[in-house]
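The opening residue of the sequence shown carries number 368 in the working numbering; numbering runs sequentially from there.
If you're looking for bench data, these hints aren't it; they were derived computationally from the structure. Any given hint could be a false lead.
Subject to a maximum C-alpha distance of 25 Å in a straight line, what follows is the list of computed SDA-like cross-link-like pairs (lysine to any residue) [said to hold, decoys possible]:
#1 Lys495 with Glu553
#2 Lys512 with Lys551
#3 Lys461 with Cys387
#4 Lys608 with Asp474
#5 Lys568 with Asp612
#6 Lys554 with Thr401
#7 Lys576 with Glu511
#8 Lys495 with Glu521
#9 Lys461 with Asp424
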Amino acid sequence: MVYNFTKMHGCGNDYIYFDCFKQNIENPEKMSETLSDRHFSIGGDGIVMICPSQVADAKMRMFNIDGSEGKMCGNAIRCVAKFLYERDICKKDKLSIETLSGIKYLDLKIKDDKVVLVTVDMGKAILKPAEIPAKFDGETAVKEKMEVDGKVYEVTCVSMGNPHCIIFDERDPDNIKIEKIGPKFEKNELFPEQVNTEFIKVIDEKTLKMRVWERGSGETLACGTGACASVVAAVLNGYCKKGEDITVHLVGGDLVINYTDDAVFMTGPAEFAFDGTVKY
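Based on the sequences and whatever the hints tell you, model everything.
Next comes the structure, spelled out in structure tokens:
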């Protein structure tokens with residue numbers, strides 16, 4: 368079969384997008400494993416299917432490099448919005464997109480008929496450990512102690528549709544050997560569905576610096592849900608204030624996050640790379 372695809376990224380978090388309004392993908396799990404390889408195929412952090420929806424303007428399905436399906440991806444959903452608008456599938460500056468973690472609502476900033484920024488209502492942060500899921504007692508998992516590879520870490524756990532474990536560290540995240548420690552958090556027994564892990568340095572009360580190890584993908588240049596979870600954790604730990612715009616510096620670019628009583632709002636770019644076809 369020959370499939371048409373579009374390569375897009377949000378802050379360097381790149382996926383291979385398929386317009387499933389026009390074509391059908393029968394085995395996305397295996398396709399994601401094959402096509403995401405950066406040496407022998409297209410290369411990416413996974414694939415995204417843009418599908419029709421009965422309850423929203425469109426439906427997003429996202430698959431990681433290892434073939435596992437993700438419930439939500441903040442960087443990918445902004446690119447889906449860009450695709451829907453610029454390909455005339457849904458020519459609106461306010462969109463609703465169905466995901467496995469619910470319907471998300473997006474505001475698009477348009478310039479010269481191109482989408483330059485997207486703000487996503489990511490919904491409320493999930494703080495109860497049983498719902499994240501994370502095996503900690505109590506109503507929240509804030510400043511919990513856990514041992515990984517012989518070292519005790521203080522962690523805060525949040526779900527934004529995906530589970531996240533956030534570690535605040537005075538060291539520059541660039542100096543952390545994330546490829547060594549990341550997998551040991553990801554597959555720790557405290558996280559029954561595995562976990563995304565963020566290593567954070569607090570620059571000031573409105574600025575964080577972050578590196579992320581994503582379950583099923585390894586280190587990525589950016590993670591939208593991770594940036595949201597990190598700001599929530601920073602507020603819970605007293606580093607930042609609720610209701611203010613917080614800039615998160617990621618390896619691939621910046622996201623602006625605002626954590627309110629009603630929801631977490633994420634604003635960031637969506638970039639087109641190229642169109643192509645692939646035989647699979």
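- [ ] Sort out whether Glu521 lies within 25 Å of Lys495, counting only the CA atoms.
- [x] Holds - the C-alpha atoms of Glu521 and Lys495 are around 17 Å apart, at most 25 Å.
Task: Lys608 paired with Asp474 [C-alpha distance capped at 25 Å] - done: holds (24 Å)
Task: Distance restraint between Lys495 and Glu553, which requires alpha-carbon spacing of 25 Å or less - done: Given that 25 Å is the threshold and the Cα spacing comes to 19 Å, the pair holds.
Task: 25 Å limit on alpha-carbon distance, applied to hinted pair Lys554 and Thr401 - done: holds (23 Å)
- [ ] Compare the distance between the alpha carbons of Lys576 and Glu511 with 25 Å, and conclude whether the hinted pair is satisfied.
- [x] Distance of about 21 Å is within 25 Å: holds.
Task: Pair hint Lys568 and Asp612, alpha-carbon separation not exceeding 25 Å - done: holds (17 Å)
- [ ] Mind checking the alpha carbons of Lys461 and Asp424 for me, to see if they're no more than 25 Å apart?
- [x] holds (10 Å)
TODO: Starting from Lys512, check that the Cα of Lys551 is at most 25 Å away, please.
DONE: It holds: about 15 Å lies between the C-alpha atoms, which stays within 25 Å.
Open item on the list: Run the distance test for Lys461 versus Cys387: straight-line Cα separation, threshold 25 Å.
Closed with: It holds: about 21 Å lies between the C-alpha atoms, which stays within 25 Å.
Every hint from the earlier list agrees with this structure, and none is contradicted.
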